[in-house]
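4 protein chains.
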Amino acid sequence: MKMNGVEIEDTYAEAFNTWVARILVTAVTERWARIGAEIAVGFGTTMIGCPGECGVERNVSSNETPDSRPGTISQITGPKKMMKDYLLLRIGQCLIPTPTASVWDALPDPQEKLDVGYRLRFFGDGFESQDNLFERKVIRIPIMSGDFIVEHSFGIRKGVAGGNFLILGETQKSALIAAEAAAGAITKVKGVITPFPGGICASGSKVGSKYKFLRASTNHLFCPTIKDKVPESKIPANVKSVFEIVIDGISEENVRVAMREGISAAVKVSGIVKISAGNYGGSLGPIHIRLHELFK
Amino acid sequence: MKMNGVEIEDTYAEAFNTWVARILVTAVTERWARIGAEIAVGFGTTMIGCPGECGVERNVSSNETPDSRPGTISQITGPKKMMKDYLLLRIGQCLIPTPTASVWDALPDPQEKLDVGYRLRFFGDGFESQDNLFERKVIRIPIMSGDFIVEHSFGIRKGVAGGNFLILGETQKSALIAAEAAAGAITKVKGVITPFPGGICASGSKVGSKYKFLRASTNHLFCPTIKDKVPESKIPANVKSVFEIVIDGISEENVRVAMREGISAAVKVSGIVKISAGNYGGSLGPIHIRLHELFK
Amino acid sequence: MKMNGVEIEDTYAEAFNTWVARILVTAVTERWARIGAEIAVGFGTTMIGCPGECGVERNVSSNETPDSRPGTISQITGPKKMMKDYLLLRIGQCLIPTPTASVWDALPDPQEKLDVGYRLRFFGDGFESQDNLFERKVIRIPIMSGDFIVEHSFGIRKGVAGGNFLILGETQKSALIAAEAAAGAITKVKGVITPFPGGICASGSKVGSKYKFLRASTNHLFCPTIKDKVPESKIPANVKSVFEIVIDGISEENVRVAMREGISAAVKVSGIVKISAGNYGGSLGPIHIRLHELFK
Amino acid sequence: MKMNGVEIEDTYAEAFNTWVARILVTAVTERWARIGAEIAVGFGTTMIGCPGECGVERNVSSNETPDSRPGTISQITGPKKMMKDYLLLRIGQCLIPTPTASVWDALPDPQEKLDVGYRLRFFGDGFESQDNLFERKVIRIPIMSGDFIVEHSFGIRKGVAGGNFLILGETQKSALIAAEAAAGAITKVKGVITPFPGGICASGSKVGSKYKFLRASTNHLFCPTIKDKVPESKIPANVKSVFEIVIDGISEENVRVAMREGISAAVKVSGIVKISAGNYGGSLGPIHIRLHELFK
Numbered sequence: 001m002k003m004n005g006v007e008i009e010d011t012y013a014e015a016f017n018t019w020v021a022r023i024l025v026t027a028v029t030e031r032w033a034r035i036g037a038e039i040a041v042g043f044g045t046t047m048i049g050c051p052g053e054c055g056v057e058r059n060v061s062s063n064e065t066p067d068s069r070p071g072t073i074s075q076i077t078g079p080k081k082m083m084k085d086y087l088l089l090r091i092g093q094c095l096i097p098t099p100t101a102s103v104w105d106a107l108p109d110p111q112e113k114l115d116v117g118y119r120l121r122f123f124g125d126g127f128e129s130q131d132n133l134f135e136r137k138v139i140r141i142p143i144m145s146g147d148f149i150v151e152h153s154f155g156i157r158k159g160v161a162g163g164n165f166l167i168l169g170e171t172q173k174s175a176l177i178a179a180e181a182a183a184g185a186i187t188k189v190k191g192v193i194t195p196f197p198g199g200i201c202a203s204g205s206k207v208g209s210k211y212k213f214l215r216a217s218t219n220h221l222f223c224p225t226i227k228d229k230v231p232e233s234k235i236p237a238n239v240k241s242v243f244e245i246v247i248d249g250i251s252e253e254n255v256r257v258a259m260r261e262g263i264s265a266a267v268k269v270s271g272i273v274k275i276s277a278g279n280y281g282g283s284l285g286p287i288h289i290r291l292h293e294l295f296k
Numbered sequence: 001m002k003m004n005g006v007e008i009e010d011t012y013a014e015a016f017n018t019w020v021a022r023i024l025v026t027a028v029t030e031r032w033a034r035i036g037a038e039i040a041v042g043f044g045t046t047m048i049g050c051p052g053e054c055g056v057e058r059n060v061s062s063n064e065t066p067d068s069r070p071g072t073i074s075q076i077t078g079p080k081k082m083m084k085d086y087l088l089l090r091i092g093q094c095l096i097p098t099p100t101a102s103v104w105d106a107l108p109d110p111q112e113k114l115d116v117g118y119r120l121r122f123f124g125d126g127f128e129s130q131d132n133l134f135e136r137k138v139i140r141i142p143i144m145s146g147d148f149i150v151e152h153s154f155g156i157r158k159g160v161a162g163g164n165f166l167i168l169g170e171t172q173k174s175a176l177i178a179a180e181a182a183a184g185a186i187t188k189v190k191g192v193i194t195p196f197p198g199g200i201c202a203s204g205s206k207v208g209s210k211y212k213f214l215r216a217s218t219n220h221l222f223c224p225t226i227k228d229k230v231p232e233s234k235i236p237a238n239v240k241s242v243f244e245i246v247i248d249g250i251s252e253e254n255v256r257v258a259m260r261e262g263i264s265a266a267v268k269v270s271g272i273v274k275i276s277a278g279n280y281g282g283s284l285g286p287i288h289i290r291l292h293e294l295f296k
Numbered sequence: 001m002k003m004n005g006v007e008i009e010d011t012y013a014e015a016f017n018t019w020v021a022r023i024l025v026t027a028v029t030e031r032w033a034r035i036g037a038e039i040a041v042g043f044g045t046t047m048i049g050c051p052g053e054c055g056v057e058r059n060v061s062s063n064e065t066p067d068s069r070p071g072t073i074s075q076i077t078g079p080k081k082m083m084k085d086y087l088l089l090r091i092g093q094c095l096i097p098t099p100t101a102s103v104w105d106a107l108p109d110p111q112e113k114l115d116v117g118y119r120l121r122f123f124g125d126g127f128e129s130q131d132n133l134f135e136r137k138v139i140r141i142p143i144m145s146g147d148f149i150v151e152h153s154f155g156i157r158k159g160v161a162g163g164n165f166l167i168l169g170e171t172q173k174s175a176l177i178a179a180e181a182a183a184g185a186i187t188k189v190k191g192v193i194t195p196f197p198g199g200i201c202a203s204g205s206k207v208g209s210k211y212k213f214l215r216a217s218t219n220h221l222f223c224p225t226i227k228d229k230v231p232e233s234k235i236p237a238n239v240k241s242v243f244e245i246v247i248d249g250i251s252e253e254n255v256r257v258a259m260r261e262g263i264s265a266a267v268k269v270s271g272i273v274k275i276s277a278g279n280y281g282g283s284l285g286p287i288h289i290r291l292h293e294l295f296k
Numbered sequence: 001m002k003m004n005g006v007e008i009e010d011t012y013a014e015a016f017n018t019w020v021a022r023i024l025v026t027a028v029t030e031r032w033a034r035i036g037a038e039i040a041v042g043f044g045t046t047m048i049g050c051p052g053e054c055g056v057e058r059n060v061s062s063n064e065t066p067d068s069r070p071g072t073i074s075q076i077t078g079p080k081k082m083m084k085d086y087l088l089l090r091i092g093q094c095l096i097p098t099p100t101a102s103v104w105d106a107l108p109d110p111q112e113k114l115d116v117g118y119r120l121r122f123f124g125d126g127f128e129s130q131d132n133l134f135e136r137k138v139i140r141i142p143i144m145s146g147d148f149i150v151e152h153s154f155g156i157r158k159g160v161a162g163g164n165f166l167i168l169g170e171t172q173k174s175a176l177i178a179a180e181a182a183a184g185a186i187t188k189v190k191g192v193i194t195p196f197p198g199g200i201c202a203s204g205s206k207v208g209s210k211y212k213f214l215r216a217s218t219n220h221l222f223c224p225t226i227k228d229k230v231p232e233s234k235i236p237a238n239v240k241s242v243f244e245i246v247i248d249g250i251s252e253e254n255v256r257v258a259m260r261e262g263i264s265a266a267v268k269v270s271g272i273v274k275i276s277a278g279n280y281g282g283s284l285g286p287i288h289i290r291l292h293e294l295f296k
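Chains as they are written, first to last, in this note's numbering: chain A, 1 to 296; chain B, 1 to 296; chain C, 1 to 296; chain D, 1 to 296.
The reader is advised that the hints may include incorrect statements.
To be verified - Residues on chain A that point at chain D, a partial pick, calculated with CB under 8 angstroms:
(1) GLU170
(2) THR171
(3) GLN172
(4) LYS173
(5) SER174
(6) ILE177
(7) SER270
(8) GLY271
What the hints assert, rightly or not - The calculated PhoX-like cross-link candidates involving lysine-lysine, where the alpha carbons are at most 20 angstroms apart (straight line), are:
(9) LYS137/C - LYS84/C
(10) LYS188/D - LYS188/B
(11) LYS206/A - LYS227/A
(12) LYS206/B - LYS234/B
(13) LYS190/B - LYS113/D
(14) LYS190/D - LYS188/B
(15) LYS2/D - LYS296/D
(16) LYS234/B - LYS2/B
(17) LYS190/A - LYS188/C
(18) LYS113/D - LYS158/D
Hints are computed from structural coordinates only; laboratory data are not their basis. Computed from a predicted model, the values in this text were never measured in an experiment. No residue lacks a Cβ here, since even glycine has one placed at the ideal position from N, Cα and C.
Required output: the full structure, derived from the provided sequences and hints.
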């Protein structure tokens with residue numbers, strides 16, 4: 001199958017279920033909501049090693065927020081038992097201190113609720129209170145700059161992580177700009193995040209390693225600089241560089257839409273040879289998203 | 001003492017020693033170095049709760065980097081025994097994946113060296129190698145986009161955390177813009193970081209709490225919305241909001257310069273009533289930086 | 001009338017008809033489309049003195065563009081007889097040179113068409129050609145970086161300029177942040193631009209001056225620092241600063257929506273005393289937009 | 001001559017003398033100074049067609065500004081007789097309205113002074129005044145947001161325009177990222193600007209055209225998509241795209257430093273085949289900057 005002259009390999013992305021929370025930061029200006037959200041979801045590229053796999057989803061206008069201020073939606077994903085800690089720490093350490101920020105639950109159809117705001121109340125040292133604002137139960141914590149408002153509870157549900165595709169370019173720079181175009185297109189899709197820096201992973205990994213203690217290592221089959229040492233290398237002759245786009249979302253459908261939009265954007269960039277996807281023989285996840293099916 | 005008509009309280013910031021690493025990310029453009037650095041030091045506002053207290057220090061031109069590419073310097077601080085883990089995780093999870101990034105040690109006068117790059121080599125799954133580039137010992141790890149280069153070892157030394165001052169404003173917005181001006185001025189000072197979102201802490205804390213299990217809680221003496229409930233409140237009648245600037249650095253002298261530059265910038269903004277500082281009766285740290293001494 | 005405790009004065013904005021073009025820049029990434037658009041509409045704050053009153057309207061996703069690349073929509077307004085020159089110059093000098101940019105007509109319901117792309121063809125020095133792409137007639141001009149594509153003709157129609165409101169704040173900083181919130185809210189409204197820096201005018205003007213040769217001068221009735229010298233000053237006792245938001249758009253309805261969204265955002269910011277609007281006794285324009293009617 | 005494996009052609013950039021002003025915008029935060037400066041120098045890519053060839057030079061810290069606020073330095077260049085108009089219009093229409101902005105002369109060693117601030121005073125409608133601030137003669141104009149301060153006079157001197165080099169890449173994307181790296185490196189050089197969007201010109205031109213009425217047209221010798229139609233084409237077989245970096249500055253020496261830094265940055269990017277320069281047989285300008293001499 002070809003799109004815009006670029007081969008779309010007949011393969012699949014191997015994704016898996018994870019737990020996801022979706023939080024909305026509002027602030028006096030969109031800029032401050034974004035600054036807070038970005039630092040709160042920082043150091044959150046992968047579940048292996050980070051306190052949650054996280055990302056900013058998008059900015060929303062004041063028409064879409066409870067307190068009618070501009071806002072930014074982010075997602076935090078991880079194992080169920082860790083979700084409460086991740087939310088407590090990321091909201092507590094990064095969003096309570098963000099100038100003028102309030103934090104709201106923004107997850108549709110939650111399967112469970114975690115009393116994260118309620119647990120954060122202790123920071124108020126006895127001066128905190130419960131309140132109802134905009135038909136939501138909130139905690140009000142006096143802080144130096146005024147009052148910090150956080151919703152009492154935050155929903156979590158089973159989402160999907162590990163949606164992905166690979167962009168193979170005839171130069172590193174063609175592949176990089178195509179990856180940037182793809183990541184940019186995905187920022188327009190609701191319900192998904194791309195947790196890596198700038199939405200791009202320069203170092204796609206495989207499950208396992210020859211080093212027994214390591215859970216993931218470089219995906220050597222797709223590393224151009226060692227293709228002469230790897231007989232089974234998947235790097236075509238005219239490819240010098242590969243970037244991976246990794247996508248998490250609140251549902252498989254959202255992730256599929258994002259993959260489709262991202263691939264469509266990448267193949268429009270000159271210098272792209274092929275689109276592939278990362279899979280691991282089924283060892284990682286049960287959700288197989290075939291690239292060709294995205295475009296039917 | 002007054003500066004530009006604003007009272008500088010005769011008090012001191014209570015800071016303390018901590019361990020600090022200083023890393024340089026270089027990339028094909030300044031933009032990519034910055035994107036990687038920002039996500040790598042994200043979720044790093046405070047030592048209590050985050051894996052290190054971190055921040056971006058500044059961008060540097062290609063004349064100041066080993067590989068003659070543009071770069072961004074960041075700092076990671078924390079307890080000595082945690083420093084290796086923090087560096088391994090933040091570089092491994094966030095900078096190996098950053099498009100075109102390399103990572104270098106940028107700490108002057110280190111007291112010890114941690115073999116962080118050497119430990120990251122395992123990600124190469126046997127295809128990694130050691131090399132010498134620009135008179136530095138580096139690890140070369142093949143990744144999808146090319147090769148990832150990281151310095152073999154990174155220095156650490158005793159630095160200073162908790163430098164701070166408080167900006168008391170007649171409106172929340174005056175205080176916020178003064179805080180932004182102060183944080184901006186500090187970005188021009190070498191050797192320091194401001195770990196909070198946008199360089200500003202909206203929720204300054206005190207050591208301890210009436211809740212015994214809590215190590216830090218809202219600094220109720222400086223919370224304007226509860227001043228009627230706090231007889232010993234330090235909020236003057238014409239103050240509605242307070243923001244704190246927190247500064248960490250590679251030495252006390254760097255932190256002092258940053259405090260002076262930040263305060264000088266803040267008092268130039270109209271609507272500022274007073275500058276104070278956070279201290280805790282000596283319970284937190286042995287380094288007392290008196291505000292008045294900064295301007296002698 | 002009060003909104004969120006802020007007085008909305010019972011007055012009107014005096015707007016007027018002007019001619020408007022709406023152009024779409026697409027590029028390989030959203031970032032490059034935006035960079036080109038911003039410089040192309042630069043030096044375009046007011047019809048008096050600038051070659052057109054211009055602004056960026058918003059970024060659009062690849063689903064909304066002819067060539068399925070990301071893009072940025074801008075507006076250029078001015079007297080009818082000048083429109084062709086303005087478009088030729090701004091596209092020719094700023095968008096032909098923008099890396100990877102193409103330029104498309106994005107005006108709904110044009111009243112006339114100007115053959116701007118056709119006239120720009122001469123830059124091709126004989127190597128230019130006409131083509132049909134995505135069901136549009138385009139000019140293809142070979143340039144150093146590849147081919148520059150521009151639509152053959154661009155529509156113009158009668159739009160509305162001079163929509164506005166005034167934000168009166170108890171401090172300059174409260175007024176400024178409210179103005180920023182208002183300008184931000186308006187960026188979410190389709191079909192409008194705010195031509196001033198950051199969407200904000202710090203120096204609202206009136207028609208005419210005591211100096212006969214001057215067509216516009218400072219709106220002294222709303223200048224806080226001279227209110228003691230201006231008996232008829234409209235500055236209330238507790239107001240220290242005023243910012244104006246000026247809005248142009250492809251129709252009066254679009255401008256009305258933008259005014260409503262902008263005012264709604266401004267009154268949510270603490271420290272705002274009053275919202276007013278600029279009018280000139282009917283001497284400037286025949287379109288009177290009453291503030292109170294916006295909220296019926 | 002080769003640098004980092006990239007051929008540096010033995011040719012020269014043909015530059016010429018022009019008049020230059022250098023203005024400093026200060027504001028309450030660096031962000032507002034930058035926003036004002038960018039719009040004020042917008043629509044200023046080339047002397048042919050724009051009211052001045054302009055650009056932002058760099059941000060400066062409060063230690064480098066008269067009023068000890070953060071600032072942004074820009075340059076405006078053009079024919080001597082037009083300089084006063086350009087300054088009046090760009091400052092008057094774009095910087096008087098910029099929130100919290102003041103404007104200062106920042107040109108070293110001026111050859112003449114233009115009373116631009118003095119002429120702008122009329123906007124004050126009789127409420128303006130002269131003052132001395134920070135040992136400079138200024139005009140104080142009451143505006144809605146407070147007072148606008150502008151220096152009485154601005155220096156101009158003979159500078160240099162048209163410094164340039166060409167980046168020839170094996171793909172458009174390699175050439176584009178190399179151009180971005182080059183433009184970024186030049187932002188660190190004092191005394192120069194790069195007037196094109198993002199510092200990059202995608203459509204380098206030659207003097208004259210087969211169309212007699214046209215002063216400049218596409219540099220067909222360097223256009224890859226028509227090389228089969230141009231027997232004397234200078235496009236090597238493995239080159240698909242060329243970007244030009246154009247540099248103006250307050251002196252030839254500044255422009256030379258910028259060319260050297262820019263070329264050094266470009267050749268470090270993979271996928272670059274050759275560096276050349278634009279010249280026109282001496283028909284444009286008398287200043288010939290040979291590429292090889294830059295690296296002696």
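Hints, one by one, checked against the model:
{"no.": "1", "hint": "GLU170", "in the structure": "holds (6 angstroms)"}
{"no.": "2", "hint": "THR171", "in the structure": "holds (4 angstroms)"}
{"no.": "3", "hint": "GLN172", "in the structure": "holds (6 angstroms)"}
{"no.": "4", "hint": "LYS173", "in the structure": "holds (4 angstroms)"}
{"no.": "5", "hint": "SER174", "in the structure": "holds (4 angstroms)"}
{"no.": "6", "hint": "ILE177", "in the structure": "holds (5 angstroms)"}
{"no.": "7", "hint": "SER270", "in the structure": "holds (6 angstroms)"}
{"no.": "8", "hint": "GLY271", "in the structure": "holds (4 angstroms)"}
{"no.": "9", "hint": "LYS137/C - LYS84/C", "in the structure": "holds (18 angstroms)"}
{"no.": "10", "hint": "LYS188/D - LYS188/B", "in the structure": "holds (14 angstroms)"}
{"no.": "11", "hint": "LYS206/A - LYS227/A", "in the structure": "holds (16 angstroms)"}
{"no.": "12", "hint": "LYS206/B - LYS234/B", "in the structure": "holds (14 angstroms)"}
{"no.": "13", "hint": "LYS190/B - LYS113/D", "in the structure": "violated (37 angstroms)"}
{"no.": "14", "hint": "LYS190/D - LYS188/B", "in the structure": "holds (16 angstroms)"}
{"no.": "15", "hint": "LYS2/D - LYS296/D", "in the structure": "holds (13 angstroms)"}
{"no.": "16", "hint": "LYS234/B - LYS2/B", "in the structure": "holds (18 angstroms)"}
{"no.": "17", "hint": "LYS190/A - LYS188/C", "in the structure": "holds (16 angstroms)"}
{"no.": "18", "hint": "LYS113/D - LYS158/D", "in the structure": "holds (12 angstroms)"}
Of the numbered hints stated above, the single one contradicted by the structure is hint 13.
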